[in-house]
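For the protein sequence lines, the chains are A and B, in the order given. In terms of full-length UniProt numbering, the first sequence is residues 1 to 234. In terms of full-length UniProt numbering, the second sequence is residues 1 to 234.
It cannot be assumed that every hint is accurate.
Because identical chains cannot be distinguished in the list, a pair is counted as satisfied if it fits within a single copy or across any two copies.
Below 25 Å or equal to it, Euclidean Cα-Cα: the simulated SDA-like pairs (lysine to any residue) are [unchecked claim]: (1) Lys13 - Leu201; (2) Lys13 - Asn45; (3) Lys126 - Pro190; (4) Lys198 - Leu66; (5) Lys2 - Glu28; (6) Lys198 - Glu182; (7) Lys73 - Pro190; (8) Lys13 - Asp179; (9) Lys13 - Ser54; (10) Lys87 - Ala17; (11) Lys13 - Ser119; (12) Lys126 - Ser193; (13) Lys73 - Pro231; (14) Lys137 - Trp102; (15) Lys126 - Gly159; (16) Lys126 - Met151; (17) Lys13 - Val63; (18) Lys2 - Gln35; (19) Lys73 - Glu199; (20) Lys2 - Glu33; (21) Lys13 - Arg148; (22) Lys126 - Ser54; (23) Lys126 - His188; (24) Lys13 - Leu66; (25) Lys137 - Glu11; (26) Lys198 - Val36; (27) Lys126 - Pro231.
No lab work stands behind these hints, which were simulated from the structure alone. Note that the structure is a prediction, hence the values are computed from the model and not measured.
There are 2 protein chains.
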Amino acid sequence: MKVLIVHAHPEPKSFTAALRDQAVTTLEDQGHEVQVSDLYAMNWNPVASADDFSSRENPEYLVYALEQRLGVKSQSLAPDIQQELDKLLWADLLILNFPIFWFSAPAMLKGWIDRVLVSGVCYGGKRFYDQGGLSGKKALVSVTLGGREHMFGDGAIHGPLEDMLRPILRGTLAYVGFDVLEPFVAWHVPYISDEARKEFLLGYQQRLQHLSDEQPMVFPRLSQFDEALYPLPV
Amino acid sequence: MKVLIVHAHPEPKSFTAALRDQAVTTLEDQGHEVQVSDLYAMNWNPVASADDFSSRENPEYLVYALEQRLGVKSQSLAPDIQQELDKLLWADLLILNFPIFWFSAPAMLKGWIDRVLVSGVCYGGKRFYDQGGLSGKKALVSVTLGGREHMFGDGAIHGPLEDMLRPILRGTLAYVGFDVLEPFVAWHVPYISDEARKEFLLGYQQRLQHLSDEQPMVFPRLSQFDEALYPLPV
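Okay, chain A solo, but in the shape it has when bound:
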């Protein structure tokens, strides 16, 4: 398996980075090929803008997704985007590895999503959800957060974490066709003992060793909807 880990944390010695390293070691030990995009180390530019295209279909008015479609065809995507897109298309498994900032991804990683998941390749027209451009690939979100586990779930103060992560799990990864695995979550990280952190690393290792046994999360399939995307009778 070919694996791309996209990692975004402002502290190079963070526990989130330890999860990244655990994934690299575990997956390579199993014979997989691994590439890492460490967005802070790369000084990644997260801002989608007109500068992302060396030539434009419409230089007067920017419709970002339209220019992405042209940019793919005419090879006019910015080199940093093209490089990440190539890694993404190479990979069989994408891991997004990040600390939860405001119940979602840090801007650094959001800007990787905004710029790299280009229209015309990853989605477009009726190619989304199970018909998405990246179908056949798997995705795993591995996150660290400050909250305790009992603060999440039905009836808990923040509700289910999966509901907070919905724009990423469903609106992004499932949308472009990935088989999305249950997130790996390390809770309460800034406040726990080294021993508890080691437990998380061990748990993550064990999950990574058996990913192929996992069933992906369930999301809409286009066959459940008509041509205009109204739901069909069940």
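We have chain A; now place chain B onto it with these hints.
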């Protein structure tokens, strides 16, 4: 009323910018004071990093929220953050005005959230949700998107838009104490007629003229939870 509009769109002539201008005009005509943070025009830096603090509590290891707390006390926040924080604290109403990118905010705006909603002022300890640091203020999200209205809602292909916007509406705005109003949504914007766009602008104007009549969305209150944040019996 004092109003801060935070606007993020890569195209200066976008319809999203027209919504921003509509809000400025309408609110000023009603006698309100309005400031606009146009993040692309400001060349806003969306990346939370160690550079955000001119002095550090722990120069060896970055815990971003901890450094924010110190930074507020010691006035060592980066000037661009302090400036936005001052505007935020000045405002009675915050409007986040943006195009939906991946069912959430563009990275540019996510980075405003990551950097400006500083711990120690906007939240911290047990100061969140109705006890949040910005309680007493109102917030409105006004968004444009490509999807059609029938693609959102219960049973629709993407589910309710409010569920996709949960990390912003609940996890961010309600979390720091805002009374969060129902989002204003302009659907299918890239594909509609000028007439239909004018309808959206008019509808937005009418909403803005009567915001004080609106009831905010309902979110958890800390009084529903015990000291350890387990839910209390209803």
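Hint by hint, here is what the structure shows:
1. Lys13 - Leu201: within (15 Å within a copy, 48 Å between copies)
2. Lys13 - Asn45: both (21 Å within a copy, 23 Å between copies)
3. Lys126 - Pro190: between (43 Å within a copy, 17 Å between copies)
4. Lys198 - Leu66: between (46 Å within a copy, 23 Å between copies)
5. Lys2 - Glu28: Within one copy only: 10 Å inside a chain, 56 Å across chains, cut-off 25 Å.
6. Lys198 - Glu182: Answer is within: at 21 Å inside a copy they meet the 25 Å cutoff, but 43 Å across does not.
7. Lys73 - Pro190: between (45 Å within a copy, 21 Å between copies)
8. Lys13 - Asp179: Classified as neither; 30 Å inside a copy, 38 Å across copies.
9. Lys13 - Ser54: Only across copies: Lys13 and Ser54 sit 20 Å apart there, 36 Å inside one copy, limit 25 Å.
10. Lys87 - Ala17: The answer is within: 20 Å in one copy meets 25 Å, while 35 Å across copies does not.
11. Lys13 - Ser119: Between copies only: 22 Å across, 35 Å inside.
12. Lys126 - Ser193: between (48 Å within a copy, 22 Å between copies)
13. Lys73 - Pro231: Neither: 33 Å inside a copy, 54 Å across copies.
14. Lys137 - Trp102: between (28 Å within a copy, 19 Å between copies)
15. Lys126 - Gly159: Result: close only across copies, 17 Å inter versus 32 Å intra.
16. Lys126 - Met151: between (38 Å within a copy, 13 Å between copies)
17. Lys13 - Val63: between (39 Å within a copy, 11 Å between copies)
18. Lys2 - Gln35: So Lys2 and Gln35 pass the 25 Å test inside one copy only (8 Å; across, 49 Å).
19. Lys73 - Glu199: neither (47 Å within a copy, 36 Å between copies)
20. Lys2 - Glu33: within (5 Å within a copy, 55 Å between copies)
21. Lys13 - Arg148: Close inside one copy (22 Å), not across copies (44 Å); limit 25 Å.
22. Lys126 - Ser54: Close neither inside one copy (27 Å) nor across copies (49 Å); limit 25 Å.
23. Lys126 - His188: between (40 Å within a copy, 15 Å between copies)
24. Lys13 - Leu66: between (39 Å within a copy, 16 Å between copies)
25. Lys137 - Glu11: neither (29 Å within a copy, 33 Å between copies)
26. Lys198 - Val36: For Lys198 and Val36, only the intra-copy Cα distance (22 Å) is at most 25 Å; the inter-copy one is 47 Å.
27. Lys126 - Pro231: Within one copy, since 15 Å is at most 25 Å while 43 Å is not.
Checked against the numbered hints listed earlier, the structure breaks hints 8, 13, 19, 22 and 25; every other hint is satisfied.
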